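J.: Chain residues, written in single-letter form:
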Amino acid sequence: MSRPEEFNIVTRRDFLRGAAYGTLGLAMGVEGVARAGQGSAFAAEEPLSQVVLVRHEAAVDAGHQVNSVVVAEMLDTAMKAFTREGDIANAWQRYFGPQDVVGIKYTRCSWHRIHVNQAVLDAITDRLITSGVAKSRVTANDFGLPVKDCTALINVPSVKVHALTGIAVSIKNYINFTGNRTSYHFNGSSKLGETWLLPEVKGKTRLIVVDMLRPYFGPGPQINPLHQWDYKGILVGTDPVAIDTVCLSICQKKRNLFKGEEWLISPPPRSLATADTVYHLGTSDPTKIKLTRLGWDKEQLI
Amino acid sequence: MLRLPQDVLGWKTDGPDKVVTRQTIFDYMDGGGEIYLAYDFQRLLAREYARPGAPRIVAEVYQMASSGDAYGIFTHDTDGQPVSVGQMALYSAGLLRFWKNRFFVRLQAEDETPEVKTALMALGKQVASGIPQEGKKPSLLMGLPPQDLIESSIHYFHTLVSLNIHYFLADSNLLNLNSSTEAILARYQQDRDRPRLLIVRYTGPSDAKAAFEQFSKVYLRESPTGNAVFGKLEKEQFAGGRREERALLLVFEAGSRESAEKLVDLAASRMKGVAP
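These protein sequence lines map, in sequence, to chains A and B.
Just so we're aligned, residue 0 is where the first sequence starts under numbering that gives the first Met the number 0, counting upward by one.
Just so we're aligned, residue 0 is where the second sequence starts under numbering that gives the first Met the number 0, counting upward by one.
Hint data in this document are derived by calculation from the structure and do not stem from the laboratory.
Computed from a predicted model, the values in this text were never measured in an experiment.
Ideal Cβ placement from N, Cα and C applies to all residues, glycine included.
Any given hint could be a false lead.
What the hints assert, rightly or not - Part of the chain A face toward chain B, derived, beta carbon under 8 Å: (1) A88; (2) N89; (3) A162; (4) Q221; (5) L225; (6) P266.
As the list claims (entries may be wrong) - In silico lysine-lysine, DSSO-like type, Cα no more than 30 Å apart, as pairs: (7) B:K208 / A:K258; (8) A:K258 / B:K116; (9) A:K258 / B:K261; (10) A:K258 / B:K17; (11) A:K190 / A:K79; (12) B:K234 / A:K258; (13) B:K231 / B:K135; (14) B:K135 / A:K252; (15) A:K297 / A:K79; (16) B:K271 / B:K208; (17) B:K271 / B:K216; (18) B:K135 / B:K124; (19) B:K135 / B:K17; (20) B:K234 / A:K252; (21) A:K147 / A:K201; (22) A:K79 / A:K203; (23) A:K190 / B:K216; (24) A:K134 / A:K190.
Produce the complete structure using the sequences and hints provided.
T.: Quick look at the structure:
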């Protein structure tokens with residue numbers, strides 16, 4: 000049942016029925032939204048987008064310290080699976096060449112502390128260099144990345160449920176390029192997709208590598224350690240909407256597990272729906288996404 | 000009057016203090032300042048402590064405009080173990096939060112160790128003792144019927160940004176919440192059902208009436224009978240409520256119309272004794 004046209008308001012009821020925000024309800028596993036006959040979520044036979052998830056039990060130890068050697072192996076595994084290349088240099092050369100100036104845009108939110116781990120950045124930089132991009136042509140930064148001068152971008156976000164945006168992964172990672180971050184937090188952050196279409200940014204993103212080693216699923220705004228967990232995952236893809244949808248689904252399941260009942264990510268990430276339907280950055284429909292899962296499968300949550 | 004000690008159990012002040020105002024809150028926490036401003040945040044003092052070979056500690060003292068708002072921001076995240084510091088406190092794996100009077104305090108360590116936990120508790124008690132008086136909780140809390148109430152589920156707030164974090168109702172301001180409105184959201188455990196009660200108090204009856212009519216029309220898609228409206232929604236759940244003078248008493252996710260009406264009746268009865 001669609002919502003009445005005379006009300007230009009999306010309510011909780013609309014969302015829970017799947018009558019608003021596209022297929023987000025399906026991705027979040029909302030009871031009653033999943034529809035039969037459209038294929039299984041994240042197992043599309045003819046996918047619009049592919050995402051690879053690699054997990055490793057030894058990626059993070061009991062003291063929450065990240066193992067850089069294991070992380071580098073995980074990245075190699077993910078890149079080989081995503082590109083179907085047997086050789087890691089060939090895999091990276093699919094996206095980057097010696098002529099490129101590569102910007103690695105990572106997330107480093109000093110006050111929130113859900114950072115991209117240095118081990119992930121080091122592994123990416125190392126593989127870029129060994130695949131033929133000169134070290135002097137690779138820059139990694141959160142603020143101040145010289146995006147104008149870059150011919151190619153790698154989007155490297157962390158994963159956190161966000162009090163204003165719903166969830167912050169790859170789409171929100173470009174908010175710093177706007178020069179006016181706060182203005183993008185209003186209206187359900189629905190304009191975030193616009194950041195990918197800024198003249199200096201549009202068309203430059205060749206790869207997305209998500210650090211999902213220690214994601215955050217709480218209400219924020221600051222970190223409560225009870226709401227961070229060692230998922231020990233790395234995701235690779237090229238469709239930001241599909242990648243963020245996978246992360247959304249995992250975080251929603253973790254919230255439900257934590258509370259022992261449905262604890263909806265709130266507000267629902269409208270920015271993810273508009274990134275699909277307004278800005279056409281990719282697909283948020285789980286039935287059009289093929290997720291390849293590799294490695295450690297305990298509490299995979301998807 | 001924001002105070003922090005210079006040292007605690009071997010941890011000493013390390014680096015300059017930060018003083019954050021309403022104007023600079025977004026520099027301190029972009030993407031998070033909205034939450035504090037929604038509770039009439041005034042000022043913040045932040046200090047870091049270090050001890051060789053031990054995790055660092057960040058202490059933050061938030062001064063809000065009222066004790067009600069300090070209590071409110073404390074209820075933003077209610078996950079943690081209750082401990083005895085200030086007027087109410089929660090501890091969770093290296094994070095101690097408490098409120099007292101107009102102050103909300105967060106003490107967070109990089110990692111949790113037994114020594115860190117001891118230091119956080121000592122620091123918390125020292126900071127709390129430096130705040131001379133206790134403050135009043137919001138009087139609106141008295142409107143919550145105590146039977147079957149899940150204490151840890153209580154959230155006190157003013158505006159849409161807070162409601163949408165705790166319970167997304169709509170992407171627009173359906174209840175016309177603003178900095179002058181007061182709201183409480185809480186859950187109840189009634190056998191298998193866990194209904195939510197939302198009490199909103201407006202500055203005047205006309206504001207409450209307008210919000211009630213909008214809620215009835217847009218959310219329930221029902222016409223109120225007098226000052227009350229209830230409806231059966233998705234998942235065999237019931238929602239609805241009543242307007243009482245300048246307050247709305249709304250129930251969501253009730254297992255039956257009768258239980259929804261009963262919870263609203265109980266709240267209405269208690270609201271008669273709530274101070275203005």
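J.: Please go over all the hints and tell whether each is borne out by the structure.
T.: Hint-by-hint comparison with the structure:
Given hint, A88 of chain A at the interface with chain B, is violated; its Cβ is 38 Å from that chain's nearest Cβ, farther than 8 Å. A cut of 8 Å between beta carbons decides the hint on N89 of chain A: the least distance to chain B is about 39 Å, and the hint is violated. A cut of 8 Å between beta carbons decides the hint on A162 of chain A: the least distance to chain B is about 5 Å, and the hint holds. Below 8 Å, beta-carbon pairs count as interface contacts, and Q221 of chain A has one with chain B at about 7 Å; its hint therefore holds.
The restraint placing L225 of chain A at the interface with chain B holds, with a minimum CB-CB distance near 5 Å, inside the 8 Å limit. The interface hint given for P266 of chain A is met, as the beta carbon of that residue sits about 4 Å from the closest beta carbon of chain B, less than 8 Å. Taking the CA atoms of K208 of chain B and K258 of chain A, the gap is about 35 Å. The hint is violated against a cut of 30 Å. Restraint check: the Cα-Cα separation between K258 of chain A and K116 of chain B comes to about 25 Å, which is no more than 30 Å; the hinted pair holds.
Proposed proximity of K258 of chain A and K261 of chain B is supported: the alpha carbons are some 27 Å apart, at most 30 Å. A threshold of 30 Å between alpha carbons decides the hint, and for K258 of chain A with K17 of chain B the separation of about 35 Å lies outside it, so the pair is violated. In summary, the hint linking K190 of chain A to K79 of chain A is not supported, as the alpha carbons are separated by about 34 Å, beyond the 30 Å threshold. Between K234 of chain B and K258 of chain A the CA atoms are separated by roughly 20 Å; this keeps the pair inside 30 Å, and the hint holds.
Note on K231 of chain B and K135 of chain B: the hinted pairing is violated, with a Cα-Cα distance of about 38 Å set against a maximum of 30 Å. Between K135 of chain B and K252 of chain A the alpha-carbon distance is near 38 Å, which puts this suggested pair outside the 30 Å criterion. Between the alpha carbons of K297 of chain A and K79 of chain A the distance comes to roughly 22 Å, so the proposed pair stays at or under 30 Å and holds. Straight-line distance between C-alpha atoms of K271 of chain B and K208 of chain B comes to about 18 Å, which keeps the hinted pair within the 30 Å bound.
The hinted pair formed by K271 of chain B and K216 of chain B meets the criterion: a straight-line CA distance of about 27 Å does not exceed 30 Å. Between the alpha carbons of K135 of chain B and K124 of chain B the distance comes to roughly 19 Å, so the proposed pair stays at or under 30 Å and holds. Between K135 of chain B and K17 of chain B, the direct Cα distance comes to roughly 28 Å. Compliance with the 30 Å bound is thereby established for this hinted pair. For the hint linking K234 of chain B to K252 of chain A, the alpha-carbon distance of about 20 Å falls within 30 Å, and the restraint holds.
About 11 Å separates the Cα atoms of K147 of chain A and K201 of chain A, which keeps this hinted pair within 30 Å; it holds. For a cut-off of 30 Å, the pair hint linking K79 of chain A to K203 of chain A stands: about 22 Å separates their Cα positions. The hinted pair formed by K190 of chain A and K216 of chain B meets the criterion: a straight-line CA distance of about 28 Å does not exceed 30 Å. Restraint check: the Cα-Cα separation between K134 of chain A and K190 of chain A comes to about 34 Å, which exceeds 30 Å; the hinted pair is violated.
In this structure, the earlier hints numbered 1, 2, 7, 10, 11, 13, 14 and 24 are contradicted, and the remaining ones agree with it.
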